[in-house]
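The listed protein sequences derive, respectively, from chains A and B.
Going by numbering that gives the first Met the number 0, the first sequence opens with residue 0, and the numbers climb by one from there.
Going by numbering that gives the first Met the number 0, the second sequence opens with residue 0, and the numbers climb by one from there.
A couple of the hints might just be wrong.
In the DSS-like style, the derived pairs of lysine-lysine whose C-alpha atoms are separated by at most 27 Å in a straight line are [as the list claims (entries may be wrong)]: (1) A/102 to A/134; (2) A/147 to A/136; (3) B/140 to A/147; (4) A/188 to B/197; (5) B/197 to A/136; (6) A/134 to B/194; (7) B/352 to A/134; (8) A/102 to B/197; (9) A/19 to A/188; (10) B/197 to A/19.
Since the hints were derived computationally from the structure, they do not count as laboratory data.
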Amino acid sequence: MVSAAPAPAKTSSVPALSCKGLVKRYGELVAVDGLDLEVAAGECFGLLGPNGAGKTTTVELFEGLLQPDGGLLEVLGERWQGDGQALRSRLGVQLQETRFPEKLRVIELATLFRSFYRDGLEPAAALALVGLEEKRKAFVRELSGGQKQRLSLACALVGDPEVLFLDEPTTGLDPASRRQIWEIVENLKSRGRTVLLTTHYMEEAARLCDRVAIVDRGRILAIGAPEVLIASLGAEHVIELETDREIPEALLAGLPGIEAVRREEATVRLTVRAVHRVVPPLLAGLSEHSIGVLRLATHSATLEDLFISLTGRTLEGGGLASETSGKKK
Amino acid sequence: MSAMADPGKPRSRRGPLQFPLAQLTLARLREFLREPEAVFWVFLFPLLLAIALGVAFRNRPPDPLPVGIESGPASAARLEALEASGTLVPQVLTRPEAEHALATGKLTLVVLATDPPTYWFDPTRPDSRLARLEVDQALEKAAGRTDHFEPQVLEMTERGARYIDFLVPGLLGMNLMGTGMWSIGFSLVQQRSGKLLKLFIASPMRRWQLLAAQVLARLVFLALEVSVLLGFAVVALDVPMRGSIAAVAAVAVLGALAFVGLGLLVASRPRTIEGVSGLMNLVMFPMWIFSGVFFSNERFPAVLQPFIQALPLTALNDSLRAVMLDGATLMSQGPELAILAGWGLIGFAGALKLFRWT
């Protein structure tokens with residue numbers, strides 16, 4: 000019996016995923032605009048960006064579901080050609096929002112997906128990996144959103160893939176379900192699986208990913224380990240301030256240690272090196288001008304702040320529940 | 000070897016029932032059998048329809064014909080003469096009443112108060128033409144005409160000539176068309192809109208296996224569907240089965256495959272249930288009308304016949320009737336079977352070429 004188990008020495012030298020000058024167009028729209036990426040075996044790599052940034056298109060190009068219009072693309076050292084069956088059997092795929100048949104049971108679906116792979120996990124073992132073993136007899140329609148998402152993870156895992164693609168694995172989930180998914184992905188990471196995930200939650204990218212690429216409009220704006228990227232902002236804290244009147248430019252300019260000022264509707268965002276040196280003179284200045292403070296919040300700089308400093312826009316769609324509450328009326 | 004890389008993660012090989020074709024077919028069967036509505040439409044609905052139509056169109060003695068007599072000097076004598084006939088239900092009424100009753104179809108014919116009588120009726124209505132003959136004979140007899148002879152009558156009530164006998168093969172054909180197309184169309188479009196097809200092709204599943212599983216699942220239901228409907232028809236409705244069971248089965252399988260092919264073709268592009276429903280109805284509508292389910296397709300004019308005969312449901316219905324009612328052999332059904340096979344091939348080939356997976 001010829002087992003296709005890859006030699007570990009070989010996989011570590013060849014990047015699990017790589018692309019150079021990758022381009023994908025939909026008519027006039029350039030969804031992926033000359034992307035260069037390299038993901039090492041065993042790495043958890045995140046594509047972070049707002050909706051429509053080209054994250055899903057990039058992942059589907061790697062999955063062999065889309066044909067690139069330009070550039071080179073390799074998965075586990077191979078190009079997509081022919082039916083790609085041999086390569087597919089080494090990958091696990093989770094798509095955004097797959098609707099599984101409501102009338103099938105959890106274990107039946109896992110068994111169905113297991114049947115597509117020559118080698119793999121026992122279906123029950125795949126369910127155990129995602130904490131669904133007690134739901135094995137349940138119908139899909141009886142599952143919560145988070146459980147359905149874990150089922151789709153189990154279906155991606157049941158072939159025991161070398162590379163796992165997770166497209167927005169926690170979008171639309173409640174915080175508890177999100178944390179469960181994170182624990183599963185961390186568990187996979189510890190087992191040496193290569194993971195490519197997309198997300199627009201900076202918290203998720205920072206927690207799970209060894210490296211992230213910040214993408215916007217089909218291009219990579221920054222790439223690196225999350226803490227390195229955040230450090231590149233040159234400041235560690237962000238002050239968010241909401242006032243009843245506009246703050247004069249001169250007041251802000253006179254404050255010490257301010258790296259950047261961004262105004263967004265009624266909110267002013269100050270990127271600062273030390274909060275304790277900025278806040279007292281800031282509040283004094285505001286009361287001098289009789290400007291009322293509606294909200295004052297500070298937090299450590301995040302990938303979100305990096306994205307804002309790179310694009311002038313926020314990563315829309317949440318992930319900032321703790322910070323954005325009350326901002327959207 | 001591979002187990003070393005990951006302790007605590009049991010790897011396994013597939014068991015006999017764990018191959019993709021078996022699993023895909025099983026999934027399809029399970030989904031269907033857990034859908035009570037689908038079970039109703041496939042198995043119960045044709046039975047109920049057969050019973051209802053069988054009751055509505057049961058053979059019974061001909062209805063007496065309602066006729067009118069315009070009131071006038073001779074109306075009493077005419078009433079007596081028509082009542083004596085036994086096949087007519089006459090009544091006397093005024094001219095305006097008579098006109099209204101005739102126009103609304105409550106009367107088949109009115110005898111006007113002239114001498115000799117005038118028969119007032121719509122010659123395009125078969126009932127009225129019959130009434131004319133009956134009325135004429137009754138009045139002539141009352142006026143003193145003598146018959147040259149008294150004919151003997153032999154009534155024909157043979158099995159196989161009743162309406163229900165005509166109907167059952169037609170219902171079977173219609174059911175094979177409807178369930179074949181709906182079940183395949185809905186399930187594929189649902190899987191497409193739910194991105195399940197996309198997830199399948201991202202896995203190492205081979206594409207033909209998904210389509211083959213649809214066909215296999217369909218054939219399992221077909222066996223159930225045909226035996227339930229035909230069993231009921233033969234046992235409860237006394238419909239004859241003159242050809243061999245094998246010939247009926249062969250025709251049913253080929254017919255089912257033709258509609259599976261068409262179902263795959265129709266379901267190969269749409270992304271929504273609404274879209275595929277519209278297409279399905281567009282494809283099936285002409286066949287409901289022209290293919291002779293409820294009445295013989297020979298009623299349509301000759302210019303339409305080449306089109307009608309080329310429809311798969313026409314071929315299926317004609318062939319089922321020939322085998323069941325006339326005891327025809329499979330060999331004699333060559334042209335019909337060729338039409339069915341042709342539609343099946345067109346459907347499969349077109350679906351393979353056009354199929355949208357994402």
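Now the hints, each set against the structure:
Distance restraint check for residue 102 of chain A and residue 134 of chain A: the Cα-Cα separation of roughly 14 Å lies within the 27 Å cut-off, and the hinted pair is therefore satisfied. Of the pairs offered as hints, the one joining residue 147 of chain A and residue 136 of chain A holds, with about 14 Å between alpha carbons and a cut-off of 27 Å not exceeded. In summary, the hint linking residue 140 of chain B to residue 147 of chain A is not supported, as the alpha carbons are separated by about 86 Å, beyond the 27 Å threshold. In summary, the hint linking residue 188 of chain A to residue 197 of chain B is supported, as the alpha carbons are separated by about 26 Å, within the 27 Å threshold.
Distance check on the hinted pair: residue 197 of chain B and residue 136 of chain A sit about 25 Å apart at the alpha-carbon level, within 27 Å; holds. Annotation: proposed proximity of residue 134 of chain A to residue 194 of chain B holds, straight-line Cα distance about 23 Å (limit 27 Å). As the CA atoms of residue 352 of chain B and residue 134 of chain A are separated by approximately 40 Å, the hinted pair breaks the 27 Å bound. With a CA separation close to 19 Å, the supplied pair residue 102 of chain A and residue 197 of chain B stays within the 27 Å bound.
For the hint pairing residue 19 of chain A with residue 188 of chain A, the CA-to-CA distance comes to about 25 Å; that is within 27 Å, so the pair holds. Of the pairs offered as hints, the one joining residue 197 of chain B and residue 19 of chain A holds, with about 25 Å between alpha carbons and a cut-off of 27 Å not exceeded.
Hint violations for this structure: numbers 3, 7, all remaining hints satisfied.
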